[in-house]
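Student: Okay, here's what each chain looks like letter by letter:
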Amino acid sequence: MRKHLIITILIAALGFVACENTIRYEYDPSDGKITILGKLSTTDSKHSIFLSMSYPDRIDSLPGATVECFVNGSRSLAKAIPAGYTEELVNWQTGETVLVPNRFPYTQYEFEANFKPGDKVRIEASKGNLNAWAELTVPQPGTIMSVDTATVVKSFVYQDFDGAESYEQEYVEFTLRLRDVQGEDNYYSMNGNLTQVTILTSVGEGENRVDTEGPYWLSYETFHDMILEDGYSSGMGEIFEDMVPVNSTHCFSDKLFKDTEATVRFYIPSYYFKNYFYYIYDADRIEINSFLRISMRSFDRSFYNYLRAINNMDTYGYDVSPIIEPTMLPSNVNGGKGIVSVAAESIVDLEFEPRVYYRDDIDFPVY
Amino acid sequence: MTRIGWTIARVALLLALIYEGQASAQRKVTISGHITDNDSGETLIGAGILEGVSGTGAVTNNFGYYSLTLRAGEYDFQYSYVGYKDDVRHIALLRDTVINVALVSGETLASSKVVASKDAGIQSTYLGALDVPIAQIKNTPVLFGEADVLKVLQMMPGVQGGNEGFSGIYVRGGGPDENLILLDGVPIYNVDHMLGIFSVFQPEAVKKVTLYKGSFPARYGGRVSSIVDIRTNDGNMKETHGTASIGMISDKLHLEGPIIKDKLSYSVSARGMHTILYSPIIKLLLKDSYANYYFYDLNGKVTWRLSDRDRFYFGTYHGRDRFVYKADDEDEGTEIIGDQTTNYKYNSRTEIGILWGNTVGSARWNHIFNSKLFSNTTLSYNRYKMAMSAGEKETEIENGVKSTNRYLLDYRSGIRDLSLRSDFDFNPSPTHLVKFGAEYTWHTFIPERMSAVDREIQGQEVQIDTTFHFTDPKKVHKGHELSLYAEDDLSLGEHVTINPGFRLSMFNTDGRTYWSLQPRVSAKVSAGNGLSFKAGYARMAQYVHLLSSAQISLPVDLWVPITKDIKPVTSDQFSAGVYYDKIKGWEFSLEGYLKKMDNILEYKDGTSMLGTSDGWENRVEMGEGMARGIELLVQKTAGKTTGWFAYTLAKSDRIFPDGSINNGERFPYKYDRRHSIDISVDHRFNKTWGIDGAWSFATGGTTTVPVRQVAVLHPDGYIVDAQYVDHRNNFRIPPSHRLNLGASYHKERRRGESVWNLSVYNVYNQMNPNFVFMDYGPDYDKNGNRIGTSLKMKKITILPILPSISWTRNF
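Protein sequence lines, in the order shown, are assigned to chains A and B.
Quick note, the first sequence lines up with residues 1 to 367 if you use this note's numbering.
Quick note, the second sequence lines up with residues 1 to 811 if you use this note's numbering.
Some hints could be false.
[To be verified] Short, incomplete list of chain A residues facing chain B, as computed with Cβ under 10 Å:
#, residue
1, C19
2, K39
3, T43
4, H250
[Said to hold, decoys possible] In silico BS3-like pairs for lysine-lysine, Cα to Cα no more than 25 Å straight-line:
#, chain 1, residue 1, chain 2, residue 2
5, B, K207, B, K640
6, B, K138, B, K596
7, B, K564, A, K258
8, B, K651, A, K255
9, B, K28, B, K85
10, A, K33, B, K782
11, A, K116, A, K46
12, B, K208, B, K138
13, B, K687, A, K255
14, B, K85, B, K782
15, B, K782, B, K794
16, B, K651, B, K207
Bear in mind the hints are in silico, worked out from the structure with no lab data behind them.
Note that CB positions come from ideal geometry on N, CA and C, so glycine has one too.
With the sequences and hints as input, model every part of the structure.
Tutor: Given below as structure tokens:
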């Protein structure tokens with residue numbers, strides 16, 4: 001079962017007798033606007049800005065643009081990162097394969113700057129007669145006062161005819177104590193970025209091989225944490241994942257703990273921290289070292305609205321549907337589209353006990 | 001007795017007679033009674049009684065009752081009603097008198113001049129109040145030849161149709177939920193069949209349709225944009241009659257007649273889609289899969305004239321739409337992989353069912369306390385129900401081991417209203433008609449209840465047996481609505497009438513009580529020579545909302561109440577107009593209005609009926625709406641050719657200041673149509689032949705389309721493509737227009753008549769848009785190289801030219 005099945009059937013029933021025609025719609029395919037996307041933070045000194053050209057019918061990358069960052073009037077100039085990918089496109093008539101240099105419809109620019117709360121930041125992009133900019137003030141950071149972890153087993157209310165639980169899942173539970181920024185409306189997101197350093201040892205080869213993965217952004221479960229869910233639902237299981245919007249971007253406001261402290265919890269499945277199957281054929285001994293950076297990012301209202309819009313798009317799709325009122329993407333870019341945020345971060349770095357697995361002890365999956 | 005004594009006695013007697021004569025000449029007495037149809041005994045609503053010398057008159061109320069107070073004396077009273085022969089009676093009115101009059105039906109639609117203030121029309125004090133003759137509803141050609149009350153209302157000025165060909169009505173910039181549609185005084189929540197292609201009202205059962213869209217009478221409340229008051233037949237008190245009709249989509253049967261002549265009558269109507277009857281055939285033809293949709297309506301009414309003072313009415317309506325879909329799939333065989341042999345047998349069944357509709361029951365008591373005071377007390381029950389289920393069951397047997405997987409999704413919503421209402425008409429003098437009353441409604445709302453069962457069994461082992469509740473299964477919203485009202489239709493001299501009134505309503509829900517004082521006033525000034533002017537103001541309050549996210553009427557559109565956080569919708573409407581009816585059989589009106597609405601609800605951007613676990617309240621936002629317009633109506637009401645020309649210039653928009661919708665900027669309403677023109681003509685050549693035509697033009701409404709492609713930054717660092725929408729309702733749909741034509745042939749039979757009706761919907765096959773959407777696709781050059789993305793705006797037309805024929809037998 002998938003979302004809106006019923007509605008689709010009803011509309012499809014009407015469609016049996018329907019005629020489809022093209023109607024006049026005039027647009028200017030050359031009406032391009034610069035799109036600036038940037039997710040900057042006070043933690044980093046090296047930042048990326050992604051530029052693209054938004055047209056009515058397409059998105060193009062934007063090489064050769066000038067990107068400048070002004071922090072309280074001081075200027076940093078960005079440089080473009082060369083495209084690292086090519087894409088094979090097949091001519092459907094001739095069968096000929098052509099290589100396209102950049103499959104991503106954006107161009108990445110990097111610059112160095114240090115931000116601190118209260119700074120006035122202006123990101124400006126221009127090329128030819130096109131110019132777009134975003135101006136914002138770096139907000140004050142909220143505070144992660146403490147983090148506590150525990151391994152828990154969640155039992156999902158599944159019951160069989162004998163009353164026994166039929167499904168369980170092990171999670172690492174993170175209990176955080178947060179403090180809100182005083183005296184103003186604040187908007188946050190809670191992020192977990194996992195880095196794993198895996199040391200692989202094979203008998204007879206003499207030396208260890210070290211494989212580093214990440215950092216990559218982890219999604220987590222909240223299980224009815226009112227603050228972190230921010231009015232969205234908890235996950236209802238896979239079969240309903242595209243019917244009910246969830247807070248996939250992990251944004252939240254301080255409306256439930258304004259000017260005070262609060263305890264929140266989120267849960268990351270344990271298998272993220274014992275991901276040995278990937279290496280099971282490579283080594284006799286697998287040692288997984290997990291480093292999790294928990295960051296509470298504080299940003300302005302426009303980026304919060306942007307993240308909430310993405311929550312809806314993640315659920316209902318990134319195309320406009322005739323059934324659902326469309327999602328309007330907020331933008332804080334003048335003269336163009338896109339979003340730029342500079343987040344003030346409160347960070348806690350966690351290092352987990354190494355998990356060691358021996359090949360001889362592992363039950364190999366049978367295929 | 002002496003001579004002197006006799007003389008004194010004679011003088012005393014003479015003085016007494018003179019005094020008596022003077023006293024009776026100054027004493028006010030009341031003539032009252034019911035006006036009915038002579039043949040059927042059916043009460044006539046809006047029939048007039050006119051005293052010609054003074055020009056004083058009255059009209060019958062919704063139950064055919066009139067009351068007129070005059071000085072005692074001798075009068076000639078003219079009783080009249082459109083389509084009936086006048087009945088003039090000379091009556092010596094010395095005391096309160098009851099005169100029941102039965103009017104004889106005329107051959108043509110003669111015009112009727114009623115001086116008394118009517119409830120609707122040019123002669124009414126109210127603005128924007130229209131009576132829609134039921135004959136024109138039956139004759140106006142519409143889709144599939146199915147006469148439809150709401151589709152004729154769409155052709156009135158100030159009333160916009162929703163999606164092309166569908167029956168939703170949008171009055172003066174309001175939404176479809178802002179219309180109080182009353183069936184014999186009981187609100188009907190779901191007024192559509194077939195996603196809105198038909199309305200639930202059977203013209204055969206309907207006696208009177210009145211639309212109010214301007215200065216609303218105080219006796220109506222609960223919606224902010226319009227009142228559609230539909231009254232049904234009481235049933236023939238004289239003899240049994242009926243109508244049977246076979247149409248393209250549905251069949252109809254109507255019967256009415258006396259149970260006890262002139263005392264007790266019944267009226268029953270039934271309508272159903274053919275597919276109800278064809279269902280077994282469809283099942284036979286479609287072995288593996290079966291789909292069917294049908295709707296039906298049942299109307300019933302019993303009228304009991306207990307005495308001249310007391311009448312009872314018992315009415316019921318039950319209507320349903322139902323869609324079912326079943327599909328079976330099975331597979332059986334042997335699979336050999338290596339040396340492993342697997343015998344398998346698989347079958348699955350998918351079932352989808354949707355059911356929705358209303359059930360209404362009412363008991364009504366008319367009581368005449370005296371010739372000046374009439375009361376109507378109504379006890380009613382109203383239920384709207386929507387239930388939707390979708391399930392799948394799979395069974396697989398592999399080498400004798402059986403596994404089953406069953407999934408069932410259940411989604412339902414509903415409303416139950418229990419209501420008690422008392423209305424009083426008080427005629428203290430010819431210059432006053434006071435109406436007052438009270439109403440209490442106990443609402444029970446179940447806006448949405450959604451659950452799912454997922455069960456998986458392998459062999460003897462249960463793998464999953466889970467019930468999900470997306471919403472609290474026990475959560476209902478209770479609401480108590482109490483209203484008091486009073487209004488007086490007051491004549492200030494010969495040329496001025498004014499109708500001041502108020503409605504005080506209270507709604508209690510979730511521990512919070514909302515009060516609303518709604519002043520209403522309208523005034524009419526007759527300037528002579530058929531020219532008159534009106535102006536009015538009305539404040540309205542509404543305690544229920546319909547949440548709809550699609551462009552058609554869907555069963556999953558949610559009726560929701562106000563809550564402690566969702567406030568009542570209110571509207572303030574100012575209107576003014578100029579009217580002219582000097583030319584016999586013609587009426588002209590030009591009205592303008594300005595309406596402001598507060599606390600209207602819309603889904604927030606990116607949300608719809610299926611949303612977050614914390615309920616619909618978090619998916620909607622309250623905002624403001626503004627509507628203004630000018631409406632011209634030219635009506636020909638009498639003669640062999642009747643009809644109207646209506647033009648509307650209108651603008652309607654919305655704003656949600658909190659920014660959750662359209663970034664807080666004002667945007668046009670979905671059905672903001674700048675220009676609308678409707679022309680309807682009905683011509684009767686003779687008793688046998690008649691033709692009808694209706695042409696409609698409307699500027700397109702608005703819809704939301706993406707205006708560009710844009711890159712979106714996901715917090716995990718990925719950048720994805722998305723369609724970028726700059727504003728809600730940012731695209732104006734092309735205008736739509738169509739011509740419908742119909743011809744009817746009446747043939748007298750030994751008993752009754754038969755009628756053949758041929759009609760053609762959308763005669764010149766105009767491809768009017770029902771839906772528009774943006775179509776993106778790869779664009780190639782002539783060598784097949786992809787050169788970009790093509791972008792086309794496409795429209796879907798559901799209703800091209802559609803001829804239809806129907807046969808009706810009246811007996």
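Student: Give a verdict on every hint.
Tutor: Cross-check of the supplied hints:
Hint on C19 of chain A holds. Least Cβ distance to chain B is approximately 5 Å, under the 10 Å limit. Among the interface hints, the one on K39 of chain A holds; its C-beta lies about 6 Å from the nearest C-beta in chain B, closer than the 10 Å criterion. Contact between T43 of chain A and chain B, as hinted, is not supported at the beta carbon level, the nearest pair being about 15 Å apart and thus beyond 10 Å. Annotation: H250 of chain A was flagged as interfacial toward chain B, and the flag holds, the nearest CB pair being 7 Å apart, inside 10 Å.
The hinted pair formed by K207 of chain B and K640 of chain B meets the criterion: a straight-line CA distance of about 21 Å does not exceed 25 Å. For the hint linking K138 of chain B to K596 of chain B, the alpha-carbon distance of about 35 Å lies beyond 25 Å, and the restraint is violated. With a C-alpha separation of about 22 Å, the suggested pairing of K564 of chain B with K258 of chain A holds against the 25 Å cut-off. Taking the CA atoms of K651 of chain B and K255 of chain A, the gap is about 38 Å. The hint is violated against a cut of 25 Å.
Proximity of K28 of chain B to K85 of chain B is assessed by CA-CA distance (about 29 Å); at most 25 Å being required, the pair is judged violated. Restraint check: the Cα-Cα separation between K33 of chain A and K782 of chain B comes to about 29 Å, which exceeds 25 Å; the hinted pair is violated. Proposed proximity of K116 of chain A and K46 of chain A is supported: the alpha carbons are some 14 Å apart, at most 25 Å. A threshold of 25 Å between alpha carbons decides the hint, and for K208 of chain B with K138 of chain B the separation of about 12 Å falls inside it, so the pair holds.
At roughly 73 Å between alpha-carbon atoms, K687 of chain B and K255 of chain A are farther apart than 25 Å, so this suggested pair is violated. Of the pairs offered as hints, the one joining K85 of chain B and K782 of chain B is violated, with about 76 Å between alpha carbons and a cut-off of 25 Å exceeded. At roughly 23 Å between alpha-carbon atoms, K782 of chain B and K794 of chain B fall within 25 Å of each other, so this suggested pair holds. With a CA separation close to 33 Å, the supplied pair K651 of chain B and K207 of chain B exceeds the 25 Å bound.
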